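S.K.: Sequence:
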Amino acid sequence: KMMGEEAVPLNKSKHIPTIIMMVGLQGTGKTTTVGKLAYHLQKTEKARPLLIAGDIYRPAAVDQLKQIGDQLKVPVYSEDGEKDVAKIVQDGLAEAEKNKNDYVLIDTAGRLEIDEPLMEELERVKKVAHPDNILLVVDAMTGQAATDVAKGFDERLDVTGVILTKLDGDTRGGAALSIRAVTGKPILFTGQGEKLSDLDVFHPDRMASRILGMGDMLSLIEKAQQDYDAKEAEKVAEKMRENTFDFNDFVDQLQQVQKMGPLDQIMKMIPGLANNPQLKNLNVDQKQIDHTEAIVYSMTPEERENPDMLNPSRRRRIAAGSGRPVVEVNRMIKQFKQMRDMMSKMSKGNMKGLSNLPGMDSPMAKMAMRRMNKNFKKNKKKRLRKVKRFHS
1 KMMGEEAVPL NKSKHIPTII MMVGLQGTGK TTTVGKLAYH LQKTEKARPL
51 LIAGDIYRPA AVDQLKQIGD QLKVPVYSED GEKDVAKIVQ DGLAEAEKNK
101 NDYVLIDTAG RLEIDEPLME ELERVKKVAH PDNILLVVDA MTGQAATDVA
151 KGFDERLDVT GVILTKLDGD TRGGAALSIR AVTGKPILFT GQGEKLSDLD
201 VFHPDRMASR ILGMGDMLSL IEKAQQDYDA KEAEKVAEKM RENTFDFNDF
251 VDQLQQVQKM GPLDQIMKMI PGLANNPQLK NLNVDQKQID HTEAIVYSMT
301 PEERENPDML NPSRRRRIAA GSGRPVVEVN RMIKQFKQMR DMMSKMSKGN
351 MKGLSNLPGM DSPMAKMAMR RMNKNFKKNK KKRLRKVKRF HS
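In the numbering used here, the protein residues as written are 1 to 392.
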């Protein structure tokens with residue numbers, strides 16, 4: 001309860017645009033977080049945000065924000081040579097009103113530590129912008145220092161909420177507990193990873209589960225639902241049920257999983273693995289994934305579609321073609337077959353293997369399992385209706 005009981009939404013203005021002012025120290029990932037939040041608003045609300053480049057001190061800060069804007073196809077307002085940040089913000093807001101943007105995200109300057117000139121400038125920006133939200137971006141890896149920073153900014157600016165970044169480096173997220181306890185201000189989002197899609201709504205109950213080492217299955221399921229194409233997922237599930245899942249599907253799924261974020265973070269969401277010491281230094285190198293893809297692409301189309309035909313001579317040829325040792329090719333094929341067998345059982349509704357995993361007896365895990373079973377039964381009914389229509 002110290003972290004709150006449910007997710008807290010952004011404050012919305014009655015009239016567009018809703019103005020969000022982002023503040024924080026240097027090195028917290030503030031500019032990147034501006035882009036992540038813009039992407040989140042695009043994806044969840046089909047919003048048309050405008051970004052204002054208010055960090056005129058850090059070299060290349062304006063260029064970085066423009067690059068992010070280009071990636072998202074979002075306009076970025078800046079004024080070359082202008083030294084008055086409050087004027088830039090005022091002009092940017094006028095631009096947003098003219099173009100009817102529904103959100104304005106203001107990137108502001110940071111410092112290595114809180115100082116008077118920084119606070120005075122931020123106070124001027126606040127006075128001009130009248131923001132609906134003042135979001136403090138805090139690096140979760142700074143530990144106790146994160147709490148001190150949050151307290152300092154809140155006393156001067158009265159922040160409305162916090163975004164906790166670099167949570168992928170903080171195994172448990174204990175900084176979230178400290179910040180909420182000291183400031184009383186809610187944490188709205190957490191950042192994990194470097195992609196613009198790596199921003200999640202903060203759920204206090206799920207963070208509590210992480211802090212206790214019980215994983216976060218609900219967030220994992222939501223991530224999968226967001227990043228996977230429903231029709232494609234159903235097609236793959238059908239192939240698993242029929243045991244026709246092949247290496248073409250395997251590579252496709254590998255690429256889909258990569259979209260969900262770093263594998264070590266995904267693993268930590270799974271009960272029983274969240275607190276596993278063997279995962280502490282888990283670092284899945286992109287080269288490992290590239291090697292796996294190279295092995296698959298060194299197979300003939302026929303071999304990719306028929307994994308069981310890979311005899312020793314074929315495996316030696318694949319190893320030579322991919323530049324990988326035969327032992328690595330054998331290991332990858334063995335892992336593929338084990339995964340295919342397990343997924344085939346799960347797709348037929350056999351969840352017993354999952355329920356026996358350590359940590360799956362926690363309340364959060366049981367809730368996730370109920371949801372998975374419910375979704376499976378729901379999809380099964382849909383499939384039966386399709387079959388009936390086909391035969392009629």
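Take the hints with a grain of salt, since some may be wrong.
In silico DSSO-like cross-links for lysine-lysine, where the CA-CA straight-line distance does not exceed 27 Å [stated by the list, open to error]:
#	residue 1	residue 2
1	K12	K151
2	K287	K334
3	K166	K73
4	K98	K83
5	K73	K87
Rather than coming from a laboratory, the hints here were simulated on the basis of the structure. Here the structure is a predicted model, which means the values were calculated and not measured.
S.K.: Could you tell me which of the numbered hints above are not met by this structure, giving the numbers in increasing order?
M.R.: none
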